[in-house]
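Given only the sequences and the hints, what does the whole structure look like? Please build it.
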Amino acid sequence: MFIDFSKFMLSKDYESSNIAIVSIPYDETSSFKPGSREGGLSIRRVSWGLESYSPELERDLNDINFCDLGDLDLYGSQEEKFKMIKEAVKSILSDGRKVISLGGEHSITYPIVEAYKEFYKDLVVIQFDAHCDLRDEYLGNPLSHACVMRRIYEINKEIMQFGIRSGDKEEWNFAKKHNIYLKRRLLSEEDIKHIKELNKPIYLTIDIDVLDPAYAPGTGTPEPCGFSSRELFNSLYMLKEVSDKIVGFDVVEVSPPNDVNDITSITAAKIVRELLLMIGIE
Numbered sequence: 195m196f197i198d199f200s201k202f203m204l205s206k207d208y209e210s211s212n213i214a215i216v217s218i219p220y221d222e223t224s225s226f227k228p229g230s231r232e233g234g235l236s237i238r239r240v241s242w243g244l245e246s247y248s249p250e251l252e253r254d255l256n257d258i259n260f261c262d263l264g265d266l267d268l269y270g271s272q273e274e275k276f277k278m279i280k281e282a283v284k285s286i287l288s289d290g291r292k293v294i295s296l297g298g299e300h301s302i303t304y305p306i307v308e309a310y311k312e313f314y315k316d317l318v319v320i321q322f323d324a325h326c327d328l329r330d331e332y333l334g335n336p337l338s339h340a341c342v343m344r345r346i347y348e349i350n351k352e353i354m355q356f357g358i359r360s361g362d363k364e365e366w367n368f369a370k371k372h373n374i375y376l377k378r379r380l381l382s383e384e385d386i387k388h389i390k391e392l393n394k395p396i397y398l399t400i401d402i403d404v405l406d407p408a409y410a411p412g413t414g415t416p417e418p419c420g421f422s423s424r425e426l427f428n429s430l431y432m433l434k435e436v437s438d439k440i441v442g443f444d445v446v447e448v449s450p451p452n453d454v455n456d457i458t459s460i461t462a463a464k465i466v467r468e469l470l471l472m473i474g475i476e
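For the sequence shown, position 275 matches number 469 in my numbering, and the numbering has no gaps at all.
If you are wondering where the hints come from, they were derived from the structure by calculation, not from laboratory data. Since this is a predicted model, take the numbers as computed values, not measurements. A hint or two may mislead.
Listed below are the simulated DMTMM-like cross-link pairs for lysine to aspartate or glutamate, each with C-alpha atoms no more than 25 angstroms apart in a straight line [what the hints assert, rightly or not]:
#1 Lys284 - Asp316
#2 Lys377 - Glu364
#3 Lys277 - Glu348
#4 Lys280 - Glu252
#5 Lys387 - Glu435
#6 Lys363 - Glu352
#7 Lys206 - Asp267
#8 Lys371 - Asp385
#9 Lys434 - Glu391
#10 Lys464 - Glu252
#11 Lys439 - Glu273
#12 Lys311 - Glu348
#13 Lys275 - Glu245
#14 Lys439 - Glu425
#15 Lys439 - Glu331
#16 Lys284 - Asp207
#17 Lys390 - Asp406
#18 Lys284 - Glu348
#19 Lys275 - Asp257
#20 Lys284 - Glu273
#21 Lys363 - Glu331
#22 Lys439 - Asp316
#23 Lys370 - Asp316
#24 Lys371 - Glu348
#25 Lys439 - Glu281
#26 Lys311 - Asp330
#27 Lys464 - Glu435
#28 Lys315 - Glu435
#29 Lys284 - Glu222
#30 Lys277 - Asp362
#31 Lys371 - Asp330
#32 Lys227 - Glu273
#33 Lys434 - Glu348
#34 Lys311 - Asp289
#35 Lys464 - Asp406
#36 Lys351 - Asp257
#37 Lys351 - Glu308
In structure tokens, the structure reads:
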């Protein structure tokens, strides 16, 4: 099921782990620049340039029991591939482990959340992204990466969207009509208070294009007027207050062929490290 490439730094074997990393090399619905299928491999490769210790969190990867399963081996139609993604995630969750997924384009989050819903009925999905991703269909495909949060909303009404600055009129109207928690800014203390009041398991999905293209050029659909790396990390660190509720996350839309000197992959690797350290110590 998995193709074992170079490992994320310091990962352990599956049996001794409580968190599993898997990358999903899929970018068939990319609407502008393809290449995110190579994201997971690139994030692994550059991760060796990072220290295992986070001075911000005062934690070390040596103290985390996690493993890296490599790339998921996908084949067939989009529907068949999505079924394979869902079943792979379900298998890991069935073994009592949290799942960290590396994209791949954002459409992969839908089958991942489908799997999570079978284990966590009361789930809140928190999205960091430049785009609403609330289209009903795009280019005739309801499973496009431009539709991922619309599909997720249909199976999980509790979604929170941050950093959003792009979308067509239909998407903004849909968000208003359904009172979706959509913010053009990043997290605030008010948001953390709301998340605490919800008191539900949290799944995070981070589209790297939430960052301004100056900080993350290696992505499929870059959108100007975004956030700096520091602003995003400060926002993610606010989730320390609810880290015990985070049951999994993904980092998607890293596209190495469009990157400059690996800066997008390196930023993604640090995001993975920091969130892994946040959720990995029980």
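Hints and how they fare:
no., hint, in the structure
1, Lys284 - Asp316, "holds, 17 angstroms"
2, Lys377 - Glu364, "holds, 17 angstroms"
3, Lys277 - Glu348, "holds, 17 angstroms"
4, Lys280 - Glu252, "violated, 34 angstroms"
5, Lys387 - Glu435, "holds, 10 angstroms"
6, Lys363 - Glu352, "holds, 22 angstroms"
7, Lys206 - Asp267, "holds, 21 angstroms"
8, Lys371 - Asp385, "holds, 20 angstroms"
9, Lys434 - Glu391, "holds, 15 angstroms"
10, Lys464 - Glu252, "holds, 14 angstroms"
11, Lys439 - Glu273, "violated, 30 angstroms"
12, Lys311 - Glu348, "holds, 12 angstroms"
13, Lys275 - Glu245, "violated, 35 angstroms"
14, Lys439 - Glu425, "holds, 22 angstroms"
15, Lys439 - Glu331, "violated, 32 angstroms"
16, Lys284 - Asp207, "holds, 19 angstroms"
17, Lys390 - Asp406, "violated, 29 angstroms"
18, Lys284 - Glu348, "holds, 20 angstroms"
19, Lys275 - Asp257, "violated, 34 angstroms"
20, Lys284 - Glu273, "holds, 16 angstroms"
21, Lys363 - Glu331, "holds, 14 angstroms"
22, Lys439 - Asp316, "holds, 11 angstroms"
23, Lys370 - Asp316, "holds, 23 angstroms"
24, Lys371 - Glu348, "holds, 14 angstroms"
25, Lys439 - Glu281, "holds, 23 angstroms"
26, Lys311 - Asp330, "holds, 21 angstroms"
27, Lys464 - Glu435, "holds, 19 angstroms"
28, Lys315 - Glu435, "holds, 22 angstroms"
29, Lys284 - Glu222, "holds, 23 angstroms"
30, Lys277 - Asp362, "violated, 29 angstroms"
31, Lys371 - Asp330, "holds, 14 angstroms"
32, Lys227 - Glu273, "holds, 22 angstroms"
33, Lys434 - Glu348, "violated, 28 angstroms"
34, Lys311 - Asp289, "holds, 16 angstroms"
35, Lys464 - Asp406, "holds, 17 angstroms"
36, Lys351 - Asp257, "violated, 35 angstroms"
37, Lys351 - Glu308, "holds, 13 angstroms"
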